[in-house]
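Chains as they are written, first to last, in this note's numbering: chain A, 1 to 171; chain B, 1 to 452.
It is possible that part of the hints are untrue.
Said to hold, decoys possible - Across the chosen pairs, the derived CB separations fall in these ranges:
1) B:214 / A:47: 47 to 53 Å
2) A:168 / B:360: 53 to 59 Å
3) B:270 / A:159: 48 to 54 Å
4) A:47 / B:420: 27 to 33 Å
5) A:109 / B:45: 18 to 24 Å
Unchecked claim - SDA-like cross-link-like pairs, simulated, lysine to any residue; straight-line CA separation at most 25 Å:
6) A:123 / B:297
7) B:297 / A:133
8) A:123 / B:92
9) A:123 / A:133
If you are wondering where the hints come from, they were derived from the structure by calculation, not from laboratory data. Glycine included, every Cβ here is placed at the ideal spot set by N, Cα and C.
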Amino acid sequence: MTEQPRGPGIEGFLRAAITAWALAGGGLLVLVIALNVLSVVGGAVVGRPFPGDFEITEIGIAVAVFAFLPYCQMTGANVKAEILTSRAGPRLRALMGLAASLTALAFSVLLLWRMWFGLLDQKAYGYTTTILQFPHWIAFAAVLVSLVLLAAASGLTLFHDRQDVATFGTR
Amino acid sequence: MTDPFVIGFGGLAALVTLIALRMPIAYAMILVGGIGVSLLDGPGVLLSQLKTLAYGQFSIYDLSVVPMFVLMGALASASGLSASLFRGANAWFGRFRGGTAMAAIAACAGFGAVCGSSLATASTMGKVALPELRSSGYSGALSTGTLAAGGVLGILIPPSVVLVLYSVIVEANIATMFMAAFIPGFLAVALFLVTIAIHVRIDPEAGPAGVAVSGRRLVTDTVAMAPVAIIFGVVIGGIYLGLYNPTPAAAVGAALVWLHGALTGGLRWRQVREALLETAAISGMIYLILLGAEMLKVFMSRGGVPQAMAESMLGSDLPPVLVLALLLGALILLGCLMDSLSMILLAIPFFWPVLVALNGGDAVIASEAGFGMTNDDLKIWFGILALIVVELGLITPPVGMNVYVISAIARDVPMRETFLGVIPFFVAEIFRVALLIAFPALVLWFPHWMAG
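Let's have the full structure, built from the sequences with the hints guiding it.
Right, dumping it as structure tokens:
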């Protein structure tokens, strides 16, 4: 989970954007926490919890977690098994890294495409939460931004993995 | 290739291969699940599922405690809680032979009460307690072994992220599971303390007694532990008494840890930023595995794999307890390959139907059940047993993440020695699992009593 140094140019910009977006997700998490604390205190003191705290928690956490995914991909936080290939050559490791980044890229693009149609569905049918009538498509819009950044993060790791393969391939 | 069952088992084999080749576990699950569903039902089904599947999974209310507990643990690691816990425990235990190691175990347990992760507990307490253990003349094996094992208490003592995920998969009540973990958690602490006592009895050089602190220090150091007791009481006590759901409880806990850290000066903006990014990395990883596990589950149940496993186990005529032991053994072996979170999410959907079938099916009554208890009780009991064995992977080779974390801090102790130092604690854990299998009441009594 070590943060790699930010290079200049496009990569540096992407890294900064992905980190900032994850921090924004963290900020949203803190807001949801604050709301739940208010709700508990309100329930205890005034006898009335915050209305709709359940659904705000659900949507807030979902949007926040999507915002975490690009950072997760960029920092290589996704867990792998460590047993068989720890003795395998650097070439095999580099190739598997490349395959993993490709999968991540393909999946993020696929999800982006499908959730765009998901957003259109939510909007067309006017789906909202029960109590506060918050439209779900707004949450979907924030999620799509996360998925664009996830694709970008996968592109970054893919670029580095390809370099690794090129390096070890010639040895 | 048209037989769903063949495709299902082919998928399982592909999954294991991908994971063994170091494909990130979440993406291995997503890949196999997605391709499998496309093969069985056509790509159209997968494409329409993906419109809402991820959003639906990520917005499950019960899961919202996960990022909150992760943040709470990250903030607790960054603030000074761990140091005051260790000082307080050492003021009591330090004067005895092996006492400083016992204090480290007690402090790990205390830290586990505000943190739901083993690695965080091991690394945080390791940084605090290792220098003290070494300067007090404790042997390398005892000091590092104690801390690697003590880290496991982070997960065993509620709140526990693994237990939350288990509850969501088998649709158990999180509050009930946290109650069930209570007595086994205390048992773990007690057995670890006994383990240290035996260790220093056999080898007195390993853990020399320290000097007793003054009565005044004893009081101030004990009082300094109060914030942890208060936070644990408010969070877990509140959940136990049914004052609120786990989610608001986790929110209050995270807020209290933050407040404490800000007041004592341990948490500045830089530490908060680090804690938020750590939360982002860990929560993102957990949720992505969750999504992969869901996609895999859809595929596997469509292929009929869990049902087939349940039937073959039923047809084998093995006694239920033996099958239970086999499943737990399989989890220990899986622990050589992957971390506890992935293991719970991957294996439990396969194991749970087997146990229900062995117990006598869905509507069985306790007196006729294979395990002599209702399915609800079985769910609780197996959850705690599974929780313990998946954690064993953290202290055994070849993965043994806790051991690596501690070795990274204790550079003067060879890793081999750390693994050796862990062995007595491993034996204690196996003994504890055997106790809990022999006496399920150790798990079930407290939640039953709390339910009235």
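Here is how each hint holds up against the structure:
no., hint, result
1, B:214 / A:47: 47 to 53 Å, "49 Å, holds"
2, A:168 / B:360: 53 to 59 Å, "56 Å, holds"
3, B:270 / A:159: 48 to 54 Å, "30 Å, violated"
4, A:47 / B:420: 27 to 33 Å, "58 Å, violated"
5, A:109 / B:45: 18 to 24 Å, "19 Å, holds"
6, A:123 / B:297, "29 Å, violated"
7, B:297 / A:133, "32 Å, violated"
8, A:123 / B:92, "62 Å, violated"
9, A:123 / A:133, "13 Å, holds"
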